[in-house]
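**Student:** The lines below spell out each chain.
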Amino acid sequence: MKALGFAWRSLVRQPARAALGILGVAAVGALLFDMLLLSEGLVTSMRDLLDRTGYDIRVTATEALPGRGPRVTGASGTADALGALPQVRSAIAIRLADARLEGDGGVPLQVGFQGVAGGPGRPWTVLRGRDVQRPGEVVINEGIAGQRGLGPGDRMIFRPACDAESDAPPAVTLEIAGVAEFPFEAVNEGIAAGMLETIDTACGTGGRDEADLILVASTGDTDAAAAAAAALRPDLHAVTNSEVIERFSESGFTYFRQISAVLSAVTITFALLLITVLLTVSVNQRLGEIAALRALGLSQRRVVANVFCESALIVGAGGLLSLPLGILLAVWLDRILKSMPGLPAEMHFFVFQADALVLQVALLATTAVLAALYPMRIVARLPIAETLRNEVVS
Amino acid sequence: MPSVLSIVLLALAVTAPSTQDGEAPPILVTRQLAASEGLEQGQIIRLAPDSRGEGGRPFRIAGVYEPVPDPARLGTLPREVRLHLPDLLALTRSPDVPAGTEYVEAINIALVDPAEARNFARDLNARMPGVSARPAAEAAGSGATFQVLRRFHLAIALVTIIASTVFLLALTIMLVDERRETVGLLRLIGLPVRRILVQIFLEGLLIATAGGLIGLLLASASESLINAFFQWRYDTALVFVRITPYVAAACLAVAVPLGTIATVTASWVLLRRNALRLARR
Numbered sequence: 025m026k027a028l029g030f031a032w033r034s035l036v037r038q039p040a041r042a043a044l045g046i047l048g049v050a051a052v053g054a055l056l057f058d059m060l061l062l063s064e065g066l067v068t069s070m071r072d073l074l075d076r077t078g079y080d081i082r083v084t085a086t087e088a089l090p091g092r093g094p095r096v097t098g099a100s101g102t103a104d105a106l107g108a109l110p111q112v113r114s115a116i117a118i119r120l121a122d123a124r125l126e127g128d129g130g131v132p133l134q135v136g137f138q139g140v141a142g143g144p145g146r147p148w149t150v151l152r153g154r155d156v157q158r159p160g161e162v163v164i165n166e167g168i169a170g171q172r173g174l175g176p177g178d179r180m181i182f183r184p185a186c187d188a189e190s191d192a193p194p195a196v197t198l199e200i201a202g203v204a205e206f207p208f209e210a211v212n213e214g215i216a217a218g219m220l221e222t223i224d225t226a227c228g229t230g231g232r233d234e235a236d237l238i239l240v241a242s243t244g245d246t247d248a249a250a251a252a253a254a255a256l257r258p259d260l261h262a263v264t265n266s267e268v269i270e271r272f273s274e275s276g277f278t279y280f281r282q283i284s285a286v287l288s289a290v291t292i293t294f295a296l297l298l299i300t301v302l303l304t305v306s307v308n309q310r311l312g313e314i315a316a317l318r319a320l321g322l323s324q325r326r327v328v329a330n331v332f333c334e335s336a337l338i339v340g341a342g343g344l345l346s347l348p349l350g351i352l353l354a355v356w357l358d359r360i361l362k363s364m365p366g367l368p369a370e371m372h373f374f375v376f377q378a379d380a381l382v383l384q385v386a387l388l389a390t391t392a393v394l395a396a397l398y399p400m401r402i403v404a405r406l407p408i409a410e411t412l413r414n415e416v417v418s
Numbered sequence: 009m010p011s012v013l014s015i016v017l018l019a020l021a022v023t024a025p026s027t028q029d030g031e032a033p034p035i036l037v038t039r040q041l042a043a044s045e046g047l048e049q050g051q052i053i054r055l056a057p058d059s060r061g062e063g064g065r066p067f068r069i070a071g072v073y074e075p076v077p078d079p080a081r082l083g084t085l086p087r088e089v090r091l092h093l094p095d096l097l098a099l100t101r102s103p104d105v106p107a108g109t110e111y112v113e114a115i116n117i118a119l120v121d122p123a124e125a126r127n128f129a130r131d132l133n134a135r136m137p138g139v140s141a142r143p144a145a146e147a148a149g150s151g152a153t154f155q156v157l158r159r160f161h162l163a164i165a166l167v168t169i170i171a172s173t174v175f176l177l178a179l180t181i182m183l184v185d186e187r188r189e190t191v192g193l194l195r196l197i198g199l200p201v202r203r204i205l206v207q208i209f210l211e212g213l214l215i216a217t218a219g220g221l222i223g224l225l226l227a228s229a230s231e232s233l234i235n236a237f238f239q240w241r242y243d244t245a246l247v248f249v250r251i252t253p254y255v256a257a258a259c260l261a262v263a264v265p266l267g268t269i270a271t272v273t274a275s276w277v278l279l280r281r282n283a284l285r286l287a288r289r
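Going down the list, the sequences are from chains A and B. Take 25 as the starting number for the first sequence in our numbering and just add one per residue. Take 9 as the starting number for the second sequence in our numbering and just add one per residue.
Think of the hints as simulated: they come from the structure by calculation, not from any bench. A portion of the hints provided could be inaccurate.
The calculated lysine to any residue pairs, modelled on SDA-like cross-linking and capped at a C-alpha distance of 20 Å, are [stated by the list, open to error]: (1) A:Lys362 <-> B:Phe160; (2) A:Lys26 <-> A:Leu337; (3) A:Lys362 <-> B:Gln155; (4) A:Lys362 <-> B:Leu166; (5) A:Lys26 <-> A:Phe272; (6) A:Lys26 <-> A:Arg326; (7) A:Lys362 <-> B:His161; (8) A:Lys362 <-> B:Arg158; (9) A:Lys362 <-> B:Glu231; (10) A:Lys26 <-> A:Val36; (11) A:Lys362 <-> B:Thr153; (12) A:Lys362 <-> B:Leu162; (13) A:Lys362 <-> B:Ala165; (14) A:Lys362 <-> A:Phe272; (15) A:Lys362 <-> B:Ala163; (16) A:Lys26 <-> A:Arg37; (17) A:Lys362 <-> B:Arg159; (18) A:Lys362 <-> B:Leu157; (19) A:Lys362 <-> A:Leu73; (20) A:Lys362 <-> B:Phe154.
Values in this document were obtained by computation on a predicted structure and should not be read as measured data.
Using the sequences and the hints, build the whole thing.
**Tutor:** Below you can see the structure in the form of structure tokens.
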């Protein structure tokens, strides 16, 4: 009988012990798998989200986040000039504002308001109705449509909050052209969008032609397009998606990467210690049996391989079980974390990555080897005659 | 040496002029900004409202301060200065804006009765349509973020407890199995099952309590290490781990019953067997 088969029979002989060992490894492995997914999940999800918008360069007035710093002046002209660059496929200017959607005697709804100039293309996807075609029309997201029961063809009353420096503008009535999906919309967040003229008119800042950011889609060479944009307006900051991700990796949510590193280390140490203890106690209980097997002619190498195979079987079976458990756990943990306010609905903390799976397998395999070292040493150095004698005497 | 900095400007609201004629107005800079730019107290620097340095004015660094730790800005270097509001308005005012017509982003109001915050905000919104007043508790949306983080950590703790319980059961089954003969002999000399079970229960209780206390000692020892690491990593005064009496009590409340129950459960399975079978080799 081969070592693996022998180890299998040793485990099956004590099913409760083996099952608990495997379940323990599965639980620890699931947590480890999730921590590995968490370490890069947010960045991967952010990259995916940015790429899905179709724009690979963001142009702003300063390094500040859009809406938190000064605006880009001459926005429409700049967007048109950027769009005319040979390295650029399209460029759109976006102005952001907050607004209050007045209800029929109900509580006003706080929503985000976007005004867009340039093109072609829009940073949203129309789901129902049609896209905006003229000033005074807007598309709304499902957040507004669902909470207010509005749809294409309806009208709504907006009270924008545009600039701290200007007086609060009067409410305006806008026509809903369609319902759209916005890539960065948060759960239950209300967003409305229209042309830049619409927001300018609503804010009473017509003619100022300002935008919080300009989105640029390159024809393929992102770096060349970013360099061309920077050359066109040296006073502006052109940042590629990769640079946004890099900045995000350094600052945004690094806490989760740190916590995943700490928990991964603790989890794997925990698993290592416990499997070592399980195997050691198991081997110590079977010293007489192992000595008898050696006396019958089984080689030292063979009994050592048997212990190693037991470790491999426990960790292997537990590791396999840990994957579906880990996925279920990740869904649960992701749901908890996604209840953070202001987080885009399409962003996830736990994203499957092949690298994480490879690392999980490597870590568990290392654990299986390390956990088996001490019990293998006990078996390898077992004095056969003395052990058998002790067994008989006791 | 004067330098131009691209910074986030925060203003302290004061009504009195901040400086005498001809003297550079005083400012405070964050410790992190001072360290990154090599700034010192007494140094004259130039602050400008835009990154090109246009319209810059000289300011004197009156001191370096530790910013209030803000969990929502973890990982970002607080490149901030604090200056008197009149100085900030003078620095950022556009040439076409007459003095005295500038704006501020927000006004913080401390009420005599904080419980009236919601009513006060409602009254203010009704009387002044151009402003938006909110109770501070509602404005501090980041509070919800930390409630979510708390739930996340509790979920992780729950999974850890489940994994620990499984391993604990496996270990106790093995340890109890090792004492099979002893238990068999005790049964044979007349000790009732209940008596042996009480002994095992007390033994489990002692071991679980000792284990729980050692765990707390380990956690206390690692508390300062974890805080030191994260405070170094993020250059912040935030406290990341704090073992409060409530946390310690909660840990013991989970660990001790869990350890005891695992021991008794594993032993009960053994004690149900025939005494002769237990004692037989």
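**Student:** Run every hint past the structure and note whether it holds.
**Tutor:** Against the structure, the hints:
{"no.": "1", "hint": "A:Lys362 <-> B:Phe160", "verdict": "10 Å, holds"}
{"no.": "2", "hint": "A:Lys26 <-> A:Leu337", "verdict": "14 Å, holds"}
{"no.": "3", "hint": "A:Lys362 <-> B:Gln155", "verdict": "12 Å, holds"}
{"no.": "4", "hint": "A:Lys362 <-> B:Leu166", "verdict": "19 Å, holds"}
{"no.": "5", "hint": "A:Lys26 <-> A:Phe272", "verdict": "52 Å, violated"}
{"no.": "6", "hint": "A:Lys26 <-> A:Arg326", "verdict": "9 Å, holds"}
{"no.": "7", "hint": "A:Lys362 <-> B:His161", "verdict": "14 Å, holds"}
{"no.": "8", "hint": "A:Lys362 <-> B:Arg158", "verdict": "13 Å, holds"}
{"no.": "9", "hint": "A:Lys362 <-> B:Glu231", "verdict": "28 Å, violated"}
{"no.": "10", "hint": "A:Lys26 <-> A:Val36", "verdict": "15 Å, holds"}
{"no.": "11", "hint": "A:Lys362 <-> B:Thr153", "verdict": "10 Å, holds"}
{"no.": "12", "hint": "A:Lys362 <-> B:Leu162", "verdict": "15 Å, holds"}
{"no.": "13", "hint": "A:Lys362 <-> B:Ala165", "verdict": "19 Å, holds"}
{"no.": "14", "hint": "A:Lys362 <-> A:Phe272", "verdict": "18 Å, holds"}
{"no.": "15", "hint": "A:Lys362 <-> B:Ala163", "verdict": "14 Å, holds"}
{"no.": "16", "hint": "A:Lys26 <-> A:Arg37", "verdict": "17 Å, holds"}
{"no.": "17", "hint": "A:Lys362 <-> B:Arg159", "verdict": "11 Å, holds"}
{"no.": "18", "hint": "A:Lys362 <-> B:Leu157", "verdict": "10 Å, holds"}
{"no.": "19", "hint": "A:Lys362 <-> A:Leu73", "verdict": "15 Å, holds"}
{"no.": "20", "hint": "A:Lys362 <-> B:Phe154", "verdict": "12 Å, holds"}
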